[in-house]
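*Asks:* Here's the letter readout for the chains.
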Amino acid sequence: MTGDRKNRPLRWVPWLLLVAVAVGALVIGTHRSSHPSLDARVQHIAGEVRCPVCEGQSAAQSDAPASVQIRDQVRRDLTAGQSESQILSSLVAAYGPGILEKPQASGVGLVVWVLPVVGLVLAASGLAMAFARWKRRLPTTPPSDPDRVLVDQALRETDRVFD
Amino acid sequence: MLWISLSVAVVLAVLIAVLASSNPAGQGVSSPLVGKPAPPISGQALGGSGQVSLAQFKGQWVLVNFAASWCVPCRQEMPQLQTFAQNGASQGDATILTVPYDEGDVSNLAAYLDSQHVTWPKVDDGSAVVSYGVNGIPESYLVDPAGTVVAKYVGGIKAAQVDQFIARAGSGQ
Numbered sequence: 055m056t057g058d059r060k061n062r063p064l065r066w067v068p069w070l071l072l073v074a075v076a077v078g079a080l081v082i083g084t085h086r087s088s089h090p091s092l093d094a095r096v097q098h099i100a101g102e103v104r105c106p107v108c109e110g111q112s113a114a115q116s117d118a119p120a121s122v123q124i125r126d127q128v129r130r131d132l133t134a135g136q137s138e139s140q141i142l143s144s145l146v147a148a149y150g151p152g153i154l155e156k157p158q159a160s161g162v163g164l165v166v167w168v169l170p171v172v173g174l175v176l177a178a179s180g181l182a183m184a185f186a187r188w189k190r191r192l193p194t195t196p197p198s199d200p201d202r203v204l205v206d207q208a209l210r211e212t213d214r215v216f217d
Numbered sequence: 107m108l109w110i111s112l113s114v115a116v117v118l119a120v121l122i123a124v125l126a127s128s129n130p131a132g133q134g135v136s137s138p139l140v141g142k143p144a145p146p147i148s149g150q151a152l153g154g155s156g157q158v159s160l161a162q163f164k165g166q167w168v169l170v171n172f173a174a175s176w177c178v179p180c181r182q183e184m185p186q187l188q189t190f191a192q193n194g195a196s197q198g199d200a201t202i203l204t205v206p207y208d209e210g211d212v213s214n215l216a217a218y219l220d221s222q223h224v225t226w227p228k229v230d231d232g233s234a235v236v237s238y239g240v241n242g243i244p245e246s247y248l249v250d251p252a253g254t255v256v257a258k259y260v261g262g263i264k265a266a267q268v269d270q271f272i273a274r275a276g277s278g279q
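Those protein sequences? They're chains A and B, same order as listed.
Under the working numbering, the first residue of the first sequence is numbered 55, with each subsequent residue one higher.
Under the working numbering, the first residue of the second sequence is numbered 107, with each subsequent residue one higher.
Pulled a few chain B residues facing chain A out of the computed Cβ check, cut under 7 Å:
| no. | residue |
| --- | --- |
| 1 | I110 |
| 2 | S113 |
| 3 | P138 |
| 4 | D208 |
| 5 | S233 |
| 6 | V235 |
| 7 | V236 |
| 8 | S237 |
| 9 | G239 |
| 10 | N241 |
| 11 | G242 |
Only pairs whose alpha carbons sit at most 30 Å apart, straight line, appear in this in silico BS3-like list of lysine-lysine:
| no. | chain 1 | residue 1 | chain 2 | residue 2 |
| --- | --- | --- | --- | --- |
| 12 | A | K156 | B | K142 |
| 13 | B | K258 | B | K142 |
| 14 | B | K258 | A | K156 |
| 15 | B | K264 | B | K142 |
| 16 | B | K164 | B | K142 |
| 17 | B | K258 | B | K164 |
Note that these hints are calculated values from the structure, not bench results.
Every residue gets a Cβ at the ideal spot worked out from N, C-alpha and C, and that includes glycine.
All chains, please: the whole structure from these sequences, using the hints.
*Replies:* As structure tokens, then:
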């Protein structure tokens, strides 16, 4: 007992270490993300943009000349002090809204965001209605006396056959 | 059950309609710039001295032509460009403005164009490729005398086609 009391503070040491590491990682990670380098910003914005000539790659991933040109232009615009939204707007003005990796949440692009939610709601509603209907179909009345007599007769016949 | 089936059918129909009407980015000859003011182009003259800009040609039709010395279809397009340039020069209302695309050393393009005795202006503006949404070359944009982009040509122009467009625009069709 006395030994347990002495060890009690030591039990918290691993947890305290874990908290210290987690807090430290959060501080470092937050600090790093709040001051990204120019390269990191270029990659981030180019990652929001599709490669105009290749399937399935962003302008950050592709080495196609069109993507390289986009990355170079993004770098020039960032150096000139433009914001991410200004740069993306310029690219949309030149290439069209399809240049963005994520559809814009306005106009026709809104359909892409709303459709899955609508589908999920419809599916869930359909299932709920189906379950409710199945539950209503389940018999709720107890068996009648003639039914019980029939079952007893059938069970006696079964016992006689297997005896 | 019927209204659930109808709802699903409506949602599917809308999805199909949206997907069928969407325009793959960067393909074909549609461009979000058509009907809008031409993005500015300015820079050092290729193979020469001084500054060249799109704005100095306001009042004329300008075919902004993106090309590179290594581009085989661009070289195949050259006779058509020369025909268009000659027609424009003779009528005094049209010119070409060549802009390098992914040309590591722009002097290569300048040398090639000199070898073809090209007399129309050429300008080194690295930002024009993205501001015009160029996906590949040869690609050209026709800018009217008011400075509006009126057409985009992909894969090489036909001089007669562009001349016809200009003639129709001039007659108000």
